[in-house]
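Turn these sequences into a full structure, and let the hints steer you where they fit.
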Amino acid sequence: MGTAARLNGALTPELYEVLRAAGPGRRSIAVNAVDDTLTFVPFRDLPPWLKRWAVYATVRDKLEGWWLRGEDAARRVWQAVRRG
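Going by the working numbering, the sequence shown opens with residue 1, and the numbers climb by one from there.
No wet-lab data here; the hints were simulated from the structure. Heads up, some of the hints might be wrong.
Distance ranges between label pairs, derived from CB positions [claimed, not checked]:
(1) W67 - F43: 21 to 27 Å
(2) K62 - T12: 48 to 54 Å
(3) R20 - T58: 19 to 25 Å
(4) T39 - A74: 29 to 35 Å
(5) E71 - P13: 39 to 45 Å
(6) V18 - A74: 41 to 47 Å
(7) V18 - R52: 15 to 21 Å
(8) A73 - V18: 25 to 31 Å
(9) V18 - Y56: 17 to 23 Å
(10) V81 - R44: 49 to 55 Å
(11) K51 - R83: 17 to 23 Å
C-beta atoms are modelled at their ideal positions from N, C-alpha and C, and glycine is treated no differently.
In structure tokens:
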């Protein structure tokens, strides 16, 4: 599925049906295919449900990155306090 998105650079009817059936999500088998589609198909060519998923995934990834950076900073502070 992801290969078809890369090669075509567009969302073909067949690819659309397969993506719609599998559905995006962290526990979905289609995660890589959806990510490839979001990477290689222009945003304006995506169907509305996939546009919503793209926005959701972007926000979720940004928040997760901030969380991990904060967690890392807290771990470093804790290690510095324990050492010194």
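Tested hints:
| no. | hint | in the structure |
| --- | --- | --- |
| 1 | W67 - F43: 21 to 27 Å | holds, 26 Å |
| 2 | K62 - T12: 48 to 54 Å | violated, 30 Å |
| 3 | R20 - T58: 19 to 25 Å | holds, 20 Å |
| 4 | T39 - A74: 29 to 35 Å | holds, 32 Å |
| 5 | E71 - P13: 39 to 45 Å | holds, 43 Å |
| 6 | V18 - A74: 41 to 47 Å | holds, 42 Å |
| 7 | V18 - R52: 15 to 21 Å | holds, 18 Å |
| 8 | A73 - V18: 25 to 31 Å | violated, 42 Å |
| 9 | V18 - Y56: 17 to 23 Å | holds, 20 Å |
| 10 | V81 - R44: 49 to 55 Å | holds, 51 Å |
| 11 | K51 - R83: 17 to 23 Å | violated, 49 Å |
Against the hints set out earlier in the document, violations occur for numbers 2, 8, 11.
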